[in-house]
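> Dock chain B with the ligand against the given chain A, drawing on the hints supplied.
Going down the list, the protein sequences come from chains A and B. Residues 1 to 471 (this note's numbering) are what the first sequence spells out, left to right. Residues 472 to 941 (this note's numbering) are what the second sequence spells out, left to right.
Read the hints as simulated data drawn from the structure, not as lab findings. Treat the hints with care, since some could be wrong.
[As the list claims (entries may be wrong)] Here are the simulated BS3-like pairs of lysine-lysine, each with C-alpha atoms no more than 27 Å apart in a straight line:
1) A:LYS272 / B:LYS852
2) B:LYS706 / A:LYS17
3) B:LYS748 / A:LYS78
4) A:LYS272 / B:LYS769
5) B:LYS500 / A:LYS100
6) B:LYS852 / A:LYS78
7) B:LYS809 / A:LYS272
8) A:LYS78 / B:LYS809
9) A:LYS124 / B:LYS809
10) B:LYS870 / A:LYS25
11) B:LYS706 / A:LYS56
12) A:LYS272 / B:LYS840
13) B:LYS706 / A:LYS52
14) B:LYS706 / A:LYS25
15) A:LYS133 / B:LYS706
16) A:LYS272 / B:LYS706
17) A:LYS218 / A:LYS56
18) A:LYS78 / B:LYS706
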Amino acid sequence: MRQPVIGLEIHIQLLTKTKMFCRCKASFGDEPNTNICPVCMGYPGALPVPNKEAIKMGITLGLAINGEVQCVSDFSRKNYFYPDMPKGYQITQDSIPLIKNGHISVSDEIVKLERIHIEEDSAKMLHEPGTDKTLINFNRAGVPLLEIVTLPCLKTAKTANIFLEKLKQIITYTGISTGKMEEGALRCDVNISLTNPDGSLGQKIEVKNLNSFKAVAKSIEYEIERQNKVLDAGGKIIPETRSWDESKSETFIMRIKDGKADYRFFPEPDLKSLFVTQEMIDEARKNMSELPGQAVERLIKTHNLSEYDASLITSSKEILHYYDLCMKDFQDPKLLANWISSEILKIMNKNNCYINEVGIKPMQLTELLSLILKGTISGKIAKDVLLVVIETGKNPSEIVKEKGLLQVSDTDSLRKIVSEVLEENKNELERYKNGEQKLFGLFMGQCMKKTKGKGNPKMLQTILKELLRDA
Amino acid sequence: MTHQTKNEIHNSLIQGEQTPVEIIEEYLKRIEAQESEMHTFIEVTGESCLNEAKQVPKPITKEIVEDTPFVGIPVGIKDNINVKGFKTTAASKILENHISVYDATVVRKIKNAGGLIIGKTNMDEFAMGSSTETSCFYPTKNPINTKYTPGGSSGGSAASVRAGHCTVSLGSDTGGSVRQPASFCGVVGIRPTYGLVSRYGMLSFCSSLDQIGTIANDVDDAFSLLEVISGYDPKDSTSVNIEYQDLKEPEEISTFGICNEIEKLYIDPFVHDMYKKVIAILLKNFKKENHWLDNLDKAMAAYHIIADSEASSNLARYDGVRYGLQISGESSQEAYIKTRTQGFGAEVKRRILLGTYILSEEIEGSYYKQALCAKEKITEKLDQIFSSCQFMVIPTSLKLPFKFGERNDPLDMYYSDYLTIPSAIAGMPSVTIPVGCNENGFSAGIQIMGPKFSEKVLHSVAKLIEGELK
Ligand SMILES: [Zn+2]
Numbered sequence: 001m002r003q004p005v006i007g008l009e010i011h012i013q014l015l016t017k018t019k020m021f022c023r024c025k026a027s028f029g030d031e032p033n034t035n036i037c038p039v040c041m042g043y044p045g046a047l048p049v050p051n052k053e054a055i056k057m058g059i060t061l062g063l064a065i066n067g068e069v070q071c072v073s074d075f076s077r078k079n080y081f082y083p084d085m086p087k088g089y090q091i092t093q094d095s096i097p098l099i100k101n102g103h104i105s106v107s108d109e110i111v112k113l114e115r116i117h118i119e120e121d122s123a124k125m126l127h128e129p130g131t132d133k134t135l136i137n138f139n140r141a142g143v144p145l146l147e148i149v150t151l152p153c154l155k156t157a158k159t160a161n162i163f164l165e166k167l168k169q170i171i172t173y174t175g176i177s178t179g180k181m182e183e184g185a186l187r188c189d190v191n192i193s194l195t196n197p198d199g200s201l202g203q204k205i206e207v208k209n210l211n212s213f214k215a216v217a218k219s220i221e222y223e224i225e226r227q228n229k230v231l232d233a234g235g236k237i238i239p240e241t242r243s244w245d246e247s248k249s250e251t252f253i254m255r256i257k258d259g260k261a262d263y264r265f266f267p268e269p270d271l272k273s274l275f276v277t278q279e280m281i282d283e284a285r286k287n288m289s290e291l292p293g294q295a296v297e298r299l300i301k302t303h304n305l306s307e308y309d310a311s312l313i314t315s316s317k318e319i320l321h322y323y324d325l326c327m328k329d330f331q332d333p334k335l336l337a338n339w340i341s342s343e344i345l346k347i348m349n350k351n352n353c354y355i356n357e358v359g360i361k362p363m364q365l366t367e368l369l370s371l372i373l374k375g376t377i378s379g380k381i382a383k384d385v386l387l388v389v390i391e392t393g394k395n396p397s398e399i400v401k402e403k404g405l406l407q408v409s410d411t412d413s414l415r416k417i418v419s420e421v422l423e424e425n426k427n428e429l430e431r432y433k434n435g436e437q438k439l440f441g442l443f444m445g446q447c448m449k450k451t452k453g454k455g456n457p458k459m460l461q462t463i464l465k466e467l468l469r470d471a
Numbered sequence: 472m473t474h475q476t477k478n479e480i481h482n483s484l485i486q487g488e489q490t491p492v493e494i495i496e497e498y499l500k501r502i503e504a505q506e507s508e509m510h511t512f513i514e515v516t517g518e519s520c521l522n523e524a525k526q527v528p529k530p531i532t533k534e535i536v537e538d539t540p541f542v543g544i545p546v547g548i549k550d551n552i553n554v555k556g557f558k559t560t561a562a563s564k565i566l567e568n569h570i571s572v573y574d575a576t577v578v579r580k581i582k583n584a585g586g587l588i589i590g591k592t593n594m595d596e597f598a599m600g601s602s603t604e605t606s607c608f609y610p611t612k613n614p615i616n617t618k619y620t621p622g623g624s625s626g627g628s629a630a631s632v633r634a635g636h637c638t639v640s641l642g643s644d645t646g647g648s649v650r651q652p653a654s655f656c657g658v659v660g661i662r663p664t665y666g667l668v669s670r671y672g673m674l675s676f677c678s679s680l681d682q683i684g685t686i687a688n689d690v691d692d693a694f695s696l697l698e699v700i701s702g703y704d705p706k707d708s709t710s711v712n713i714e715y716q717d718l719k720e721p722e723e724i725s726t727f728g729i730c731n732e733i734e735k736l737y738i739d740p741f742v743h744d745m746y747k748k749v750i751a752i753l754l755k756n757f758k759k760e761n762h763w764l765d766n767l768d769k770a771m772a773a774y775h776i777i778a779d780s781e782a783s784s785n786l787a788r789y790d791g792v793r794y795g796l797q798i799s800g801e802s803s804q805e806a807y808i809k810t811r812t813q814g815f816g817a818e819v820k821r822r823i824l825l826g827t828y829i830l831s832e833e834i835e836g837s838y839y840k841q842a843l844c845a846k847e848k849i850t851e852k853l854d855q856i857f858s859s860c861q862f863m864v865i866p867t868s869l870k871l872p873f874k875f876g877e878r879n880d881p882l883d884m885y886y887s888d889y890l891t892i893p894s895a896i897a898g899m900p901s902v903t904i905p906v907g908c909n910e911n912g913f914s915a916g917i918q919i920m921g922p923k924f925s926e927k928v929l930h931s932v933a934k935l936i937e938g939e940l941k
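Bound-form chain A, shown alone (with noise of 0.2 Å):
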C-alpha cells in the first residue's frame, strides 16, 4: 500500500505599510505603477534596505509556531529572468532563514514546519485580453512576503485543509496578514507523493495555482489518485510541475522539471547579515496578540462555552472580536455564543459574507438579545427582528415598538386567550384528558397564534398547564 506524503509551500503577503526593500507604500490595488521607486523596480544604482516592521512580523509568526527564532540569518539572491522580476534576481533567505522549525497542532496531529523565510514578492503580470499582449503591474514587486514550508509529513488532504485554515487563524490574529487566498495574500503550492514499497519517497509532483483551501484538497485527492493510477499500470511518475484546473477538476502539466532549476543562489552582497536581538524577540512576545488556541481556552475557562461553541466563535479574528464587542455589555455569553453560532453564521454562509458585512452591530446584536432575556419578546420574534435590522439598520427596540411585537405578559390577557383556545378545542381537550398528553403542543400552537407569536411563551406554558389540570 502505498502512502500520500504531502508538504506544504505557503506564501503570504504581509500587512506592512511598506515594502519589503523600499519605502513605497506595500498596497499593490492603488493604479497600476504608482508605487514604484528606483529600487524596486530595479533601476541602475539603487539598494535595498531591510524593512523592520516585515522583520518583526515573521519574528512574531515564527513565535507563535513555536519556532526557533535565528539570531543572525542571511539574505541571499535567487537568480533567474522573468518579466516580473525587476533586478532579474528574488532576495530571499537561503542557507539559513529567520525561522527553523516550529510545529501546529491540527486535531490531534502535529504538521511541522521547516522553516519560514522572508522574501519579496514579484511584479504582477496582466494579460491584456484580446491582445498578445501583457502588462506589468510593478505596485506588488517588492512587496513583502513570508514563505512557510512544512515538513513533508502530511498525510491527507483534509489534514492540509484544516492546517491551512489553523494557520490562517493565526496570521489573522496576529494581524501580519489579511490571509485572504482569493486576493494572493495567501498562496500556496503543493508536494504530492506517494511511497514506494520500501517505504522511501516516491517521486514528488508540485501542483500551483491553487486558489481556495478547497481546490488544495481536491488537488491532493486528484494527484493521488492520478499517482496510483499510473503506478498501478506499471507507468513512471515523471518529475513536473502541475497546475490546477479549477472548471474540471483535475491537475495538469504546467511544465516538466528537466533536470533542477539553477538558481545559482549566493548571499546578497548589498545587505548585511539579518541580525535578530533578544529585545526584538522579547518585544515580539510582549506585544503578542492572543492566538487561537490561548482564546478558545479563555471562552471556556471564563465564560462557560462549550468546546464546540467556543472553537466556532474562534474560528475567524473577525468574529472573537465580534463576540468580544457585544460581550463588553451583556451577561449571557451561552445566549450570545447560539446566536452567533447559528443566527449570524447562517446568514455570513448564505449572503458568503464577513461577520461585519452581515449588517448587524454589536450593540444591536446584544440589544436583540437583552429584550429576550428581559421577556421583552420571544425567541422567534427576535430572530423576525434581527432580519429587519439587517434590512433596515433600526435598532430592535424601536422595531419591536414600531411593529407592535411586544410580548404579552399581562396574566390576566393571556388566562382569557388559554381559556378561549380551550373553548374552541372541546373534542382535544376532551381527549387530552383520557390521557392524549401529545395534544399539549397543539395547544400551546394555537395559543401562539392567537397571540401572533407575541405571548411569552413560559407564561402561556404555565397558565395552560394550570387549565389543563383544573379543566
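Structure of chain B with the ligand alone, referenced to chain A:
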C-alpha cells in the same frame, strides 16, 4: 603641467580675481579644444554647469568656502554614478540613452557642498577593464601622451583631472579602478575603506568590493572631496556608521611596512626607483618593517571569482524590460537574448558568463566559497601586518602606462590590478600619489595602504611624501 587646485581657485574667487562663471568658462574652453581627441567625458554638462555657476553667491567669502567646501569647483563624475536628469550609461550600449531619475548620494553631497558637475567621465564598460578601451563610445587618451591609455576603469576621471577638464573627479574602485588610472595619469587617487562612502546610486559591478573614490591634482583636494562624500547613508545597508570630522588632522605615526614580494616581481625599473625614493623619504621619519603579503596570486584569482560572480547577478537587471536598450523578440526569452547580446560588449559578456558558471549548481559554488575563504585569509594577514605597522608602501602598478591595443590578452590586462587588489579585497583604504617624472612625462604611482578607517594616517603620510617631493 598641473592645473589649479581647489584652494587656488578659492583664493582667486575670494580675492575677486575671477568669478565662478569665468572659472567654468575656462574649463569648458579647454574641454572644447581637447575633447574631440582626448575623450575624457561621455557627456559634458556645460550648459547646466554654467547655469549653476551663475547661482553661486557673490561675493565668495571664507565663510562660504567653509560651509560649502566645493563652491564653484568643477567636478567630473564617473558615468556609472547617477546624476539626475543626465545620461548614466556606464559606457555601455545597453544604457546608451538611459537618463537618471535620481541623484546618487555622493552627487547629492557634492551638490550640497557647492560642487558644479561639469561632465560624466568615460570609463570601461560597467567598470570592467583597465584602459577605457572597453567603453562602447571611445577610449580616453592619456593627457600626458595620447598614444597611451589613461588606465581604467576610471580612465576618464583620472584623465579629466590631469587635462584640466575638471578640478576633482569621482571614480569607482573595485579592484584598483581609481588608483591604477590615477597612477597612469600622474594624479592622486583614493580608494576609501569599504562602507565609508555610500554606494547608493552607483551602478553595482561587484557590490562587496565596489567603492567610490576620489581623484585630484593634490593630496588635500582628494581628501577634501572624500570628506564631503563620506558618511553613513541609510539608503546603503553596507555603509558604515562612522563620521569623520576632519580627515586631514595630523596623526602620530611611528612604523611603516614594506612588502617582501616586491623585490621578486618584475617591476618597471623607473617604478622601482621611485618606490625606493619614497622608502628613503619615509625612513627619515619612521621605522621600517618587512612583511610578506602572501597569496598575491590567490588574491587576484579570488578577486576575479568574487567580482565576476556578483557582476553576473548585478547586471541581470539590464534586460530591456523597464529601461535602456530594448530589442523585441518573439518571446520575452528571445527579447532578453537579443537585447543583452547586442547591448553588452565582449569583456562584460566574458565576465557574465564566467560569473554565471562560477555560481552554477554544476560546480556547487565551490569556487565562490573558496574565493570567500581566500578573501578572509588575505584580510586576516593584512590585519596582522597592520597590528604592528601603521601603513604599508607599495607600487600602484607593476608597469608604466601602456599604449592602445598593447594588451590584447584579457589575462594580461587583469595583471594591471595585481598590486591594488589586496587592499580592495580586504576592504581597506589606499591612496596612490604620483612620484617623479620619466623622459615620457609619466610618473610612478606609489600606494600607501592602511587598515580599515586609517584615512587620516594615509593623508598624513601622503602629505608628507608630497611635501618632500616638491
Ligand atoms: Zn519602491
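> If a hint holds in the structure, say so; if it doesn't, say that too.
Hint by hint, here is what the structure shows:
1. Taking the CA atoms of LYS272 of chain A and LYS852 of chain B, the gap is about 23 Å. The hint holds against a cut of 27 Å.
2. In summary, the hint linking LYS706 of chain B to LYS17 of chain A is supported, as the alpha carbons are separated by about 18 Å, within the 27 Å threshold.
3. Restraint check for LYS748 of chain B and LYS78 of chain A: the C-alpha separation of about 51 Å exceeds 27 Å, so the hint is violated.
4. For a cut-off of 27 Å, the pair hint linking LYS272 of chain A to LYS769 of chain B stands: about 25 Å separates their Cα positions.
5. Under the criterion of a C-alpha separation no larger than 27 Å, the hint pairing LYS500 of chain B with LYS100 of chain A is inconsistent with the structure, at around 65 Å.
6. Distance restraint check for LYS852 of chain B and LYS78 of chain A: the Cα-Cα separation of roughly 33 Å exceeds the 27 Å cut-off, and the hinted pair is therefore not satisfied.
7. Straight-line distance between C-alpha atoms of LYS809 of chain B and LYS272 of chain A comes to about 35 Å, which puts the hinted pair past the 27 Å bound.
8. A C-alpha spacing of about 23 Å is found between LYS78 of chain A and LYS809 of chain B, which places the hinted pair at or below 27 Å, so the restraint holds.
9. Proximity of LYS124 of chain A to LYS809 of chain B is assessed by CA-CA distance (about 24 Å); at most 27 Å being required, the pair is judged to hold.
10. Annotation: proposed proximity of LYS870 of chain B to LYS25 of chain A is violated, straight-line Cα distance about 53 Å (limit 27 Å).
11. Distance restraint check for LYS706 of chain B and LYS56 of chain A: the Cα-Cα separation of roughly 20 Å lies within the 27 Å cut-off, and the hinted pair is therefore satisfied.
12. Between LYS272 of chain A and LYS840 of chain B the CA atoms are separated by roughly 17 Å; this keeps the pair inside 27 Å, and the hint holds.
13. Note on LYS706 of chain B and LYS52 of chain A: the hinted pairing holds, with a Cα-Cα distance of about 14 Å set against a maximum of 27 Å.
14. The hinted pair formed by LYS706 of chain B and LYS25 of chain A meets the criterion: a straight-line CA distance of about 17 Å does not exceed 27 Å.
15. Distance restraint check for LYS133 of chain A and LYS706 of chain B: the Cα-Cα separation of roughly 35 Å exceeds the 27 Å cut-off, and the hinted pair is therefore not satisfied.
16. A hinted pair counts as satisfied when its Cα atoms are at most 27 Å apart, and LYS272 of chain A with LYS706 of chain B qualifies at roughly 13 Å.
17. Restraint check: the Cα-Cα separation between LYS218 of chain A and LYS56 of chain A comes to about 34 Å, which exceeds 27 Å; the hinted pair is violated.
18. A threshold of 27 Å between alpha carbons decides the hint, and for LYS78 of chain A with LYS706 of chain B the separation of about 22 Å falls inside it, so the pair holds.
In this structure, the earlier hints numbered 3, 5, 6, 7, 10, 15 and 17 are contradicted, and the remaining ones agree with it.
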